[in-house]
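Visitor: Sequence:
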Amino acid sequence: MTPLQFSSGDLIADRRADYAEGLLAAGEVAAAADLYRQALEVAPGWGAGWYRLGEIRAEQDLPGAAEAFAEALRLDPADVMGAALRLDLLRPRPAAETMPSAFVETLFDQYASHFDAALVGSLDYCAPQLIRAGLSGGHGRVLDLGCGTGLMGAELRPLAGWLEGWDISAEMLREAEAKGLYDRLEKADLSALPVPAERWDLVTAADVFAYLGALEQIVGWVALALVPGGSFAFTTEAHDGPEPLILRESRRYAHSEPYLRALLAEAGFGEVTVRRAPLRRDRGAEIEGFVVLSRRNPDMMAAVGEAVVTA
Numbered sequence: 001m002t003p004l005q006f007s008s009g010d011l012i013a014d015r016r017a018d019y020a021e022g023l024l025a026a027g028e029v030a031a032a033a034d035l036y037r038q039a040l041e042v043a044p045g046w047g048a049g050w051y052r053l054g055e056i057r058a059e060q061d062l063p064g065a066a067e068a069f070a071e072a073l074r075l076d077p078a079d080v081m082g083a084a085l086r087l088d089l090l091r092p093r094p095a096a097e098t099m100p101s102a103f104v105e106t107l108f109d110q111y112a113s114h115f116d117a118a119l120v121g122s123l124d125y126c127a128p129q130l131i132r133a134g135l136s137g138g139h140g141r142v143l144d145l146g147c148g149t150g151l152m153g154a155e156l157r158p159l160a161g162w163l164e165g166w167d168i169s170a171e172m173l174r175e176a177e178a179k180g181l182y183d184r185l186e187k188a189d190l191s192a193l194p195v196p197a198e199r200w201d202l203v204t205a206a207d208v209f210a211y212l213g214a215l216e217q218i219v220g221w222v223a224l225a226l227v228p229g230g231s232f233a234f235t236t237e238a239h240d241g242p243e244p245l246i247l248r249e250s251r252r253y254a255h256s257e258p259y260l261r262a263l264l265a266e267a268g269f270g271e272v273t274v275r276r277a278p279l280r281r282d283r284g285a286e287i288e289g290f291v292v293l294s295r296r297n298p299d300m301m302a303a304v305g306e307a308v309v310t311a
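According to the UniProt record's numbering, numbering within the sequence shown proceeds without interruption in unit steps and concludes at 311.
Wrong hints could be hidden among the right ones.
[Unchecked claim] Simulated DEER-style distance windows between Cβ atoms:
(1) Gly140 to Ser7: 17 to 27 Å
(2) Ala25 to Gly138: 27 to 37 Å
(3) Gly45 to Ala285: 33 to 43 Å
(4) Gly64 to Leu11: 17 to 27 Å
Read the hints as simulated data drawn from the structure, not as lab findings. Just so it is clear, CB atoms sit at the ideal spot from N, CA and C, and this is done for glycine as well.
Kindly produce the complete structure, drawing on both the sequences and the hints.
Guide: Structure below.
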């Protein structure tokens, strides 16, 4: 991981942290962790320092990682750094089924300016193209959930009479706006959406659900947001185990096909197709995913989707 660049506000603590990073680069892991601990004795309220100490301990199998992450979380309850996820990964069976919104927002705000180059140029990201390949004809009103910088929007624009994009990151939305693809862009936390006031003919979510975890709420919301017979297209990372979803070391969620099919059926979706395909690369390895295309049953009662949203 890249060392955190936040200052403790104390020159001595910062200097010790800098020395610790130098020791870490030289392979002196135990000494680096001890020097971070000394820095935190000087600046005990430095949440980013506690997170970095936990990171070093966890990645080098040193004791005390959980305690360091817990202290980082205590000092930053909004969890901008994602300490709760790191704590969860230390458990034999992760318990969290969603990511802290503040962590996701901060992650993508920092990533926005080089997002396209990194994802497309370096990681061979192709989720938008895979979704587009499964769509046919025109769609009047289209909503791109987690639109990011507009990579999905570029695929959707020729199909859409009206194209709207929502994302939690203001910086990602700024990049998307510069491309001039969307008729409207809106900042929205997809983990806490209100009951939809509008309806769409197509809703998409490309590489979004890896950051949401449990999908009951969002799938129920989409069921309410679609017109009868409307389409829902999305990707997830593929998980082949018995669990509905897992949190991976990458701090991204992966979902099982049975979970996705059962959830869509419960929310009133029919004509579900699930295709397996590589979505991108990570550290030289292909990341397998599911490309899911579904259609809301025309005769589905709104109460079905309401029940899923409020469950």
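Visitor: Looking back at the numbered hints, which does the structure fail to meet, lowest number first?
Guide: 1 and 2
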